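Asks: Given next are the chains, with one letter for each unit.
Protein chains: 2
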Amino acid sequence: MRYNKITDEIVAGLKNIVGPSNVVLDPEKLGVYAGDEVPEAEWKHLPEVVVKPENAEQVAEVIKLANREMIPVTPRGAGTGLAAGAVPMLGGIVLSLEKMNRILEIDKENLFMVVEPGVTTGEVQQRAQEEGYFYAGDPCSADSSFIGGNVATNAGGNKAVKYGTTSRHIYGMEVVTPTGEITTLGGKCVKSSTGYDLVHLLVGSEGTLGIVTKVYLKLLPRPLHNAVLLVPFADMQTAIDIVPKIMTNGGIIPTSIEFMDNLCIKSAEGYLNRTLPYGDAGAYIIIEVEAYTESQLEADFETIGNICLENGGLEVFVGDNKSSQEKIWKARRYLAEALRVTSPVYCMEDIVVPVSNIPRVLAEISQIAEKYSVKIPCFGHAGDGNIHACLLKGNMDDAAWYAVKEKVLDEMYTVTHTHGGKLSGEHGIGAKRKKFMARFTDPVQLKMIKAIKKALDPNLILNPDKVIDVD
Amino acid sequence: MRYNKITDEIVAGLKNIVGPSNVVLDPEKLGVYAGDEVPEAEWKHLPEVVVKPENAEQVAEVIKLANREMIPVTPRGAGTGLAAGAVPMLGGIVLSLEKMNRILEIDKENLFMVVEPGVTTGEVQQRAQEEGYFYAGDPCSADSSFIGGNVATNAGGNKAVKYGTTSRHIYGMEVVTPTGEITTLGGKCVKSSTGYDLVHLLVGSEGTLGIVTKVYLKLLPRPLHNAVLLVPFADMQTAIDIVPKIMTNGGIIPTSIEFMDNLCIKSAEGYLNRTLPYGDAGAYIIIEVEAYTESQLEADFETIGNICLENGGLEVFVGDNKSSQEKIWKARRYLAEALRVTSPVYCMEDIVVPVSNIPRVLAEISQIAEKYSVKIPCFGHAGDGNIHACLLKGNMDDAAWYAVKEKVLDEMYTVTHTHGGKLSGEHGIGAKRKKFMARFTDPVQLKMIKAIKKALDPNLILNPDKVIDVD
Numbered sequence: 001m002r003y004n005k006i007t008d009e010i011v012a013g014l015k016n017i018v019g020p021s022n023v024v025l026d027p028e029k030l031g032v033y034a035g036d037e038v039p040e041a042e043w044k045h046l047p048e049v050v051v052k053p054e055n056a057e058q059v060a061e062v063i064k065l066a067n068r069e070m071i072p073v074t075p076r077g078a079g080t081g082l083a084a085g086a087v088p089m090l091g092g093i094v095l096s097l098e099k100m101n102r103i104l105e106i107d108k109e110n111l112f113m114v115v116e117p118g119v120t121t122g123e124v125q126q127r128a129q130e131e132g133y134f135y136a137g138d139p140c141s142a143d144s145s146f147i148g149g150n151v152a153t154n155a156g157g158n159k160a161v162k163y164g165t166t167s168r169h170i171y172g173m174e175v176v177t178p179t180g181e182i183t184t185l186g187g188k189c190v191k192s193s194t195g196y197d198l199v200h201l202l203v204g205s206e207g208t209l210g211i212v213t214k215v216y217l218k219l220l221p222r223p224l225h226n227a228v229l230l231v232p233f234a235d236m237q238t239a240i241d242i243v244p245k246i247m248t249n250g251g252i253i254p255t256s257i258e259f260m261d262n263l264c265i266k267s268a269e270g271y272l273n274r275t276l277p278y279g280d281a282g283a284y285i286i287i288e289v290e291a292y293t294e295s296q297l298e299a300d301f302e303t304i305g306n307i308c309l310e311n312g313g314l315e316v317f318v319g320d321n322k323s324s325q326e327k328i329w330k331a332r333r334y335l336a337e338a339l340r341v342t343s344p345v346y347c348m349e350d351i352v353v354p355v356s357n358i359p360r361v362l363a364e365i366s367q368i369a370e371k372y373s374v375k376i377p378c379f380g381h382a383g384d385g386n387i388h389a390c391l392l393k394g395n396m397d398d399a400a401w402y403a404v405k406e407k408v409l410d411e412m413y414t415v416t417h418t419h420g421g422k423l424s425g426e427h428g429i430g431a432k433r434k435k436f437m438a439r440f441t442d443p444v445q446l447k448m449i450k451a452i453k454k455a456l457d458p459n460l461i462l463n464p465d466k467v468i469d470v471d
Numbered sequence: 001m002r003y004n005k006i007t008d009e010i011v012a013g014l015k016n017i018v019g020p021s022n023v024v025l026d027p028e029k030l031g032v033y034a035g036d037e038v039p040e041a042e043w044k045h046l047p048e049v050v051v052k053p054e055n056a057e058q059v060a061e062v063i064k065l066a067n068r069e070m071i072p073v074t075p076r077g078a079g080t081g082l083a084a085g086a087v088p089m090l091g092g093i094v095l096s097l098e099k100m101n102r103i104l105e106i107d108k109e110n111l112f113m114v115v116e117p118g119v120t121t122g123e124v125q126q127r128a129q130e131e132g133y134f135y136a137g138d139p140c141s142a143d144s145s146f147i148g149g150n151v152a153t154n155a156g157g158n159k160a161v162k163y164g165t166t167s168r169h170i171y172g173m174e175v176v177t178p179t180g181e182i183t184t185l186g187g188k189c190v191k192s193s194t195g196y197d198l199v200h201l202l203v204g205s206e207g208t209l210g211i212v213t214k215v216y217l218k219l220l221p222r223p224l225h226n227a228v229l230l231v232p233f234a235d236m237q238t239a240i241d242i243v244p245k246i247m248t249n250g251g252i253i254p255t256s257i258e259f260m261d262n263l264c265i266k267s268a269e270g271y272l273n274r275t276l277p278y279g280d281a282g283a284y285i286i287i288e289v290e291a292y293t294e295s296q297l298e299a300d301f302e303t304i305g306n307i308c309l310e311n312g313g314l315e316v317f318v319g320d321n322k323s324s325q326e327k328i329w330k331a332r333r334y335l336a337e338a339l340r341v342t343s344p345v346y347c348m349e350d351i352v353v354p355v356s357n358i359p360r361v362l363a364e365i366s367q368i369a370e371k372y373s374v375k376i377p378c379f380g381h382a383g384d385g386n387i388h389a390c391l392l393k394g395n396m397d398d399a400a401w402y403a404v405k406e407k408v409l410d411e412m413y414t415v416t417h418t419h420g421g422k423l424s425g426e427h428g429i430g431a432k433r434k435k436f437m438a439r440f441t442d443p444v445q446l447k448m449i450k451a452i453k454k455a456l457d458p459n460l461i462l463n464p465d466k467v468i469d470v471d
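Chains A and B, in that order, are what the protein sequence lines are. Here full-length UniProt numbering is used: the first residue of the first sequence is 1, the next is one more, and so on. Here full-length UniProt numbering is used: the first residue of the second sequence is 1, the next is one more, and so on.
Treat the hints as calculated values from the structure; they're not laboratory data. A portion of the hints provided could be inaccurate.
Since the list gives no way to pick one copy over another, a pair counts as held whenever it fits inside one copy or between any two copies.
What the hints assert, rightly or not - Restricting the straight-line Cα-Cα distance to at most 30 Å, the calculated cross-link-like pairs of lysine-lysine (DSS-like) are: (1) K450 to K330; (2) K407 to K327; (3) K245 to K5; (4) K435 to K44; (5) K52 to K447; (6) K371 to K454; (7) K245 to K108; (8) K454 to K435; (9) K407 to K15; (10) K162 to K108; (11) K15 to K29; (12) K108 to K447; (13) K434 to K447; (14) K162 to K245; (15) K405 to K245.
Just so we're clear, the structure is a prediction, and the values are computed from it rather than from any experiment.
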């Protein structure tokens with residue numbers, strides 16, 4: 001066994017570093033840190049101890065101690081992950097960043113916000129808006145997720161079509177390395193060709209290559225106007241075909257292009273307890289456009305509306321004020337909850353494929369569902385090919401569920417891979433998807449990932465048992 | 001000595017891999033591959049042999065042979081680099097990608113172009129336009145530079161303010177690793193959280209971590225209208241202060257925001273042999289805006305024009321047609337040539353600082369110039385803090401030039417570092433700036449870079465003596 005167990009001496013050492021009140025040993029309180037939002041029991045594991053450092057120096061000291069004593073360290077943000085990335089699968093220390101939750105600076109000359117990792121994404125968005133700016137990162141979990149977790153998973157969300165994923169908003173970070181050294185990568189320069197791009201190697205590395213203790217976020221001009229369009233289509237192929245047409249014929253990159261299949265529309269109807277327009281449609285497309293001027297906004301949503309109607313859109317519902325927009329977004333936003341009501345246990349996947357392959361992949365997923373007599377509602381981000389396929393347990397017993405889940409995932413991933421897709425678009429690999437990594441990354445890449453991990457974390461201290469098996 | 005010399009046997013092996021006609025040994029022809037566009041003799045070095053592989057398999061075989069025989073390999077694009085990154089400082093093999101120059105695919109459903117590394121950036125732009133799309137990468141060397149070189153240096157250029165540097169346009173690549181294996185990183189998925197972001201680790205790694213043999217470039221909707229504004233300002237501080245105002249008060253991210261100091265204005269006047277308006281101004285700002293509709297374009301350039309006039313702009317000259325735009329851009333575009341006429345030998349630097357620090361850094365560079373009685377005209381990309389400071393040799397003798405250059409660069413870099421800047425914004429480190437890297441990357445980061453290099457290139461075969469000293 002590579003790792004050691006926590007001893008009283010180690011606990012004393014940790015208390016010495018972060019202070020006794022920032023060390024959690026109470027088994028009841030430890031339970032909170034045993035899992036993330038993956039609902040299944042196999043992705044829960046109790047830490048031996050939780051520490052809550054208050055600054056980078058404390059994080060570094062904890063990591064140094066862990067290296068000396070060979071204790072695994074699992075960094076944790078808000079615990080809103082969907083891949084068991086913050087679950088301490090091997091026990092050891094959970095290092096929670098909840099106390100590092102300050103907004104440190106708003107730089108109005110260079111349009112940067114500098115924050116600690118424990119600030120919620122929603123607070124970043126809110127503060128940017130109050131100051132007259134815009135932070136474009138917007139995962140669906142924004143209200144609760146920490147910005148540090150967004151960095152760790154390279155979180156996407158509804159606005160990635162136009163603004164890119166979290167990676168694009170990050171220009172610098174202070175980081176504690178896996179060996180416990182503190183360094184600042186990048187900063188407020190908006191470009192740099194000065195050595196390797198370590199910033200973007202760290203983004204999306206799921207806490208396996210370093211612990212981010214400060215983040216430099218780019219701010220943008222705030223779009224002042226927005227509109228939301230809901231467009232039902234008879235079938236998914238016609239719906240998805242609209243995506244390149246909006247960009248090419250319309251010359252517009254919308255902020256969001258979301259889709260829901262009919263199973264999702266029906267779930268939303270059930271959850272909201274009302275009928276939705278064209279509730280029997282094969283697909284809903286929800287498009288959001290933002291602009292700095294009202295005239296530009298109107299021009300954009302008229303162009304998009306016309307393209308939709310000329311290409312199979314059954315009708316275009318426009319939300320041009322808060323309440324009509326909220327009504328449209330509700331169907332999409334509460335989908336995860338709506339599905340949870342249908343089936344409290346489910347397996348939410350996060351595959352991503354080239355946009356044009358969405359219909360093919362959805363058709364094949366639908367065949368898999370039929371073959372195994374299960375329901376797999378699908379929704380997600382049409383503009384960037386990201387499909388949340390949600391296998392529902394329904395009233396299956398546990399044994400049947402595990403057996404069928406294994407087979408369905410296996411076939412679903414085969415389909416994804418065949419159509420040029422990847423295992424995760426925005427949720428990450430974590431512990432949950434680790435065993436499928438070899439299928440999506442050829443041996444050469446796996447070797448590269450392992451080599452980099454070993455080079456930067458020779459003792460394999462940081463978030464072990466995640467992303468790939470190194471040994 | 002780590003490396004071996006090329007033998008007849010090795011030459012035979014190379015001929016066997018790429019064919020005899022793709023192996024260059026003729027000393028006269030080798031001279032072409034001894035340098036890039038850095039003009040000084042110290043950054044020229046003859047290769048022992050040049051090979052011109054025609055596909056990834058041949059590249060891989062050459063690299064394997066080089067690993068077996070311990071021969072350094074320097075990958076080379078068009079040789080338009082400005083950091084001696086493609087110069088075979090240790091001799092050995094220059095691997096020229098000039099024969100891998102095909103556009104392989106235009107994917108109109110997913111908006112991607114797939115190309116080989118030896119296609120010029122200009123050809124990519126041209127082909128994209130012919131097909132109704134837009135490739136946003138636009139280094140000033142676009143006509144001649146290869147896309148592979150753009151990837152290697154993470155090239156910037158005039159349009160990076162709005163569209164980002166080359167990194168943002170690259171979603172995938174086929175690459176030959178330093179040990180001679182072929183793999184495809186990323187692809188046509190526009191997002192992915194599936195393991196480490198190796199694509200963007202490779203971008204900007206200057207051929208030290210792999211040889212790119214195929215690139216997946218993102219295409220965008222083509223902006224149909226553009227306008228160029230030339231705005232003279234009394235001084236640099238007032239000029240640069242305009243940048244955040246345009247973005248925040250105007251809500252506009254222009255395509256370009258360029259600046260020239262008065263020395264550059266005067267050089268341009270001399271070169272173009274005409275007086276320029278407000279030729280005694282402290283600074284010119286050139287702003288380009290692009291839009292999909294004419295009305296949006298007009299709204300944007302009026303907003304920007306007004307912001308400039310309200311904030312110290314002496315006048316706003318608008319280029320709204322090809323010929324008036326060309327007239328404005330000419331002053332900026334021929335600047336490198338204009339300076340070369342003033343002084344055939346010069347040292348062009350590429351520092352980058354947070355935008356708000358441009359005036360301070362320029363003022364201090366001007367003091368350095370005064371101290372050493374030299375001329376250092378400065379121009380560059382105001383929108384992203386990238387300053388091309390161009391130390392002119394003038395009529396100094398060689399000994400004086402080397403002595404003064406050493407001191408000026410040293411002080412200039414100190415100023416840059418003090419103001420939160422980096423050594424290179426878009427040209428890269430190459431051999432030329434290697435010795436300054438330690439000043440801009442703390443020991444922790446240097447260790448990380450070295451560890452990654454050694455992990456991926458254990459024999460240190462690929463482009464040695466560049467970026468950092470590994471041993």
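Asks: Taking 30 Å as the upper bound on the Cα-Cα distance, should K162 and K245 be classified as within, between, both, or neither?
Replies: Intra 15 Å, inter 23 Å, cutoff 30 Å: intra and inter.
Asks: Given identical chains, is K15 near K29, meaning Cα to Cα at most 30 Å, within a copy, between copies, both, or neither?
Replies: Close inside one copy (17 Å), not across copies (68 Å); limit 30 Å.
Asks: Is it within a copy, between copies, both, or neither that the alpha carbon of K454 lies no farther than 30 Å from that of K435?
Replies: This pair counts as both: shortest intra-copy Cα distance 19 Å, inter-copy 27 Å.
Asks: Treating 30 Å as the Cα threshold, decide for K450 and K330: within, between, both or neither.
Replies: neither (42 Å within a copy, 50 Å between copies)
Asks: Please work out whether the CA atoms of K52 and K447 approach to 30 Å or closer within one copy, between two copies, in both situations, or in neither?
Replies: between (34 Å within a copy, 28 Å between copies)
Asks: Should K435 paired with K44 be assigned to within, between, both, or neither, using CA atoms and 30 Å as the limit?
Replies: within (17 Å within a copy, 50 Å between copies)
Asks: Measure nothing new, just compare the shortest in-copy and cross-copy C-alpha distances for K407 and K15 to 30 Å and report within, between, both or neither.
Replies: neither (46 Å within a copy, 51 Å between copies)
Asks: My question is about K108 and K447: at a cut-off of 30 Å on alpha-carbon distance, are they close within one copy, between copies, both, or neither?
Replies: Answer is neither; intra-copy 43 Å and inter-copy 34 Å both fail.
Asks: Checking an output row: K407 and K327, CA cutoff 30 Å. Within, between, both or neither?
Replies: neither (37 Å within a copy, 66 Å between copies)
Asks: With identical chains, the pair K245 and K5 could be close in the same copy or across copies; at 30 Å between alpha carbons, which is it: within, between, both, or neither?
Replies: neither (58 Å within a copy, 56 Å between copies)
Asks: Regarding K434 and K447, is the shortest C-alpha distance of 30 Å or less found within a copy, between copies, in both, or in neither?
Replies: For K434 and K447, both the intra-copy (15 Å) and inter-copy (28 Å) Cα distances are at most 30 Å.
Asks: At most 30 Å between alpha carbons: which applies to K245 and K108, within, between, both or neither?
Replies: Between. Shortest inter-copy distance 10 Å satisfies the 30 Å Cα cut-off; intra-copy 37 Å does not.
Consistency with the previously given hints fails for numbers 1, 2, 3, 6, 9, 12, 15, ordered from lowest to highest.
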